[in-house]
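Peer 1: Taken in sequence, the protein lines are chains A and B.
Going by my numbering, the first sequence opens with residue 1, and the numbers climb by one from there.
Going by my numbering, the second sequence opens with residue 1001, and the numbers climb by one from there.
Incorrect hints may have been included.
What the hints assert, rightly or not - Here are the simulated BS3-like cross-link-like pairs (lysine-lysine), alpha carbons at most 25 Å apart as the crow flies:
1. A:K75 <-> A:K229
2. B:K1081 <-> A:K229
3. A:K117 <-> B:K1260
4. B:K1229 <-> B:K1117
5. B:K1081 <-> B:K1229
6. A:K117 <-> A:K81
7. B:K1081 <-> B:K1117
8. A:K117 <-> A:K229
9. A:K75 <-> B:K1117
To be verified - Reference listing, derived: stretches of chain B covered by chain A, where coverage requires no fewer than 3 residues with Cβ under 8 Å from a Cβ of chain A:
10. 1061-1075
11. 1108-1122
12. 1152-1166
13. 1203-1212
14. 1220-1230
I should point out that these hints are in silico values taken from the structure, not numbers from a laboratory.
Even for Gly, the Cβ is constructed at its ideal location relative to N, Cα and C.
There are 2 protein chains.
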Amino acid sequence: MNRRDFTRTVGASAALAVLGGRVAAGEATGATAQGPPPTEATRPSPLAIAMLVHPDMVLLDLVGPQTVFSLLMAKVHLVWKDAEPVPTDVGIMVQPTTTFAECPEQLDVVFVPGGLKGTVAAMEDREVLDFLARRGRSARYVTSVCTGSLLLGAAGLLQGYRATSHWYVRDLLPMMGATMAVDRVVVDRNRLTGGGVTAGIDFGLTLAGALRGEDYARRVQLVIEYDPKPPYGSGTPETAGAAVADEVRRRRAPLLAAAKQAALRVKARLAT
Amino acid sequence: MNRRDFTRTVGASAALAVLGGRVAAGEATGATAQGPPPTEATRPSPLAIAMLVHPDMVLLDLVGPQTVFSLLMAKVHLVWKDAEPVPTDVGIMVQPTTTFAECPEQLDVVFVPGGLKGTVAAMEDREVLDFLARRGRSARYVTSVCTGSLLLGAAGLLQGYRATSHWYVRDLLPMMGATMAVDRVVVDRNRLTGGGVTAGIDFGLTLAGALRGEDYARRVQLVIEYDPKPPYGSGTPETAGAAVADEVRRRRAPLLAAAKQAALRVKARLAT
């Protein structure tokens, strides 16, 4: 089975198998002169996770994964260009805990949340893209949820990778050199990208398995009681039906058009 | 089919049927002297939703539902006893937008998030309980997610009602005069209670159907792309297995013991 079939047909569980293999191989902990590396289960080392926060982000994109990360013995940095609180879709302001200049260089995870309005603005922000490109080059995992993958793409981090995004902008990914994949969580080497908004929980748990092993992640899933029962079968454009999907697109037409224009500019920039 | 079977066996979809009937009957909009009330679809009236915020709450308990509410043409009030920002499990501080004294009296929804540590403290806070009892008496819907139902119970709002909570404290509900139910979202008359943490999304969408009708709620589910694919089958104590569930309980033993003691005190108080 080639990688395309692998990551597409079996989704998250296969992705976990790929990621789990990397953990088992000791890639995560590294060998030391004293002998074989401790296993993740016996001496977990603190993880360094940087989560970008930016104006007009969708707070749930951040808090879903952040809740999982908070249970992983990780140091989570909420990073922005400066120390000013950023507004979010639900009105809660988020205080960055570090800035681009002060954020640790070596990260286990760099993460980007989404939110159509905020993503479109950030995609054209040189400071943001430079930060992501730099940390993305050295991070163990490069990740996003929702429209956040467009920011990763704009930073040049998805060229040659399979990735997904919120359903209504995922067709822009090829403009950034990525291959668009349709799945809840897409894993290609060290790039993990999730679908829209609520996919952050599935994404967080998938990454938790890679970072701390399956037993640990199972426990986390139980702590957050993730046993979903959506009241409607309308969570994707396919299951919701064309009428509903078209209505959603119609109501967001200006922002979707702006996202497309921004993606075209990224395409031109990456091609030069 | 009696109500017990109704709400237990078919879960959220049956709950929606019950709630939908109330909307269709015009209960939601009310008749006016000018003639039949407008339907929800033609002239939606702004909704007034008060979401309690309190120290050490689990932010995801709040933000899951709040994200849905933000798409319902609602005025959402984040209410606490005073205007001081409250700390949460993930470190983000939340600024209340109103206080107990200034919060509107007539609410469509009063909502309580959870978080074991925060709930235990709030359960013994007279000011909080008095506020909830007062608003709960007149609100159209009385709701919670996660351990938040213990706060509703402590305020006397669940006596004679079926309700749920986070799995590791739901057995305390009978001490507050409630009947413990095991389901993702439990609806009994105008009380909607959700399971732990991530159940806030299922809860939010269920309530959205009641407040704005099914078509609207379907659209919201699509906007937040709620098509979950949990990586593990460990979201409940039953599916995770006894070993995992016991480990989770063991690690939280002091707080769980404190919750039980607080619930016993509520029981004694409600009995007098």
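Peer 1: Hints first: check each against the structure and report whether it holds.
Peer 2: Hint check results:
1. Taking the CA atoms of K75 of chain A and K229 of chain A, the gap is about 32 Å. The hint is violated against a cut of 25 Å.
2. Between K1081 of chain B and K229 of chain A, the direct Cα distance comes to roughly 34 Å. Violation of the 25 Å bound is thereby established for this hinted pair.
3. Between K117 of chain A and K1260 of chain B, the direct Cα distance comes to roughly 45 Å. Violation of the 25 Å bound is thereby established for this hinted pair.
4. Of the pairs offered as hints, the one joining K1229 of chain B and K1117 of chain B is violated, with about 29 Å between alpha carbons and a cut-off of 25 Å exceeded.
5. Between K1081 of chain B and K1229 of chain B the alpha-carbon distance is near 38 Å, which puts this suggested pair outside the 25 Å criterion.
6. As the CA atoms of K117 of chain A and K81 of chain A are separated by approximately 18 Å, the hinted pair is consistent with the 25 Å bound.
7. For the suggested pair K1081 of chain B and K1117 of chain B, the alpha carbons sit about 18 Å apart, so the restraint of at most 25 Å is met.
8. For the given pair, K117 of chain A sits about 29 Å from K229 of chain A by alpha-carbon distance, which is inconsistent with the 25 Å threshold.
9. Proposed proximity of K75 of chain A and K1117 of chain B is supported: the alpha carbons are some 21 Å apart, at most 25 Å.
10. Residue count for the stretch 1061-1075 of chain B with a Cβ under 8 Å from a Cβ of chain A: 5. That meets the three needed, and the coverage hint holds.
11. Proximity of the stretch 1108-1122 of chain B to chain A, defined as three or more residues with a beta carbon under 8 Å from a beta carbon of that chain, is not established by the 0 residues found.
12. Interface restraint, the stretch 1152-1166 of chain B with chain A: violated (1 residues with C-beta to C-beta distance below 8 Å; minimum three).
13. Remark: the stretch 1203-1212 of chain B is confirmed as covered by chain A, as 3 of its residues place a Cβ nearer than 8 Å to a Cβ of that chain, reaching the required three.
14. Counting residues of the stretch 1220-1230 of chain B whose beta-carbon sits less than 8 Å from any beta-carbon of chain A gives 10, enough to reach three: the coverage restraint holds.
Checked against the numbered hints above, the structure breaks hints 1, 2, 3, 4, 5, 8, 11 and 12 and satisfies the rest.
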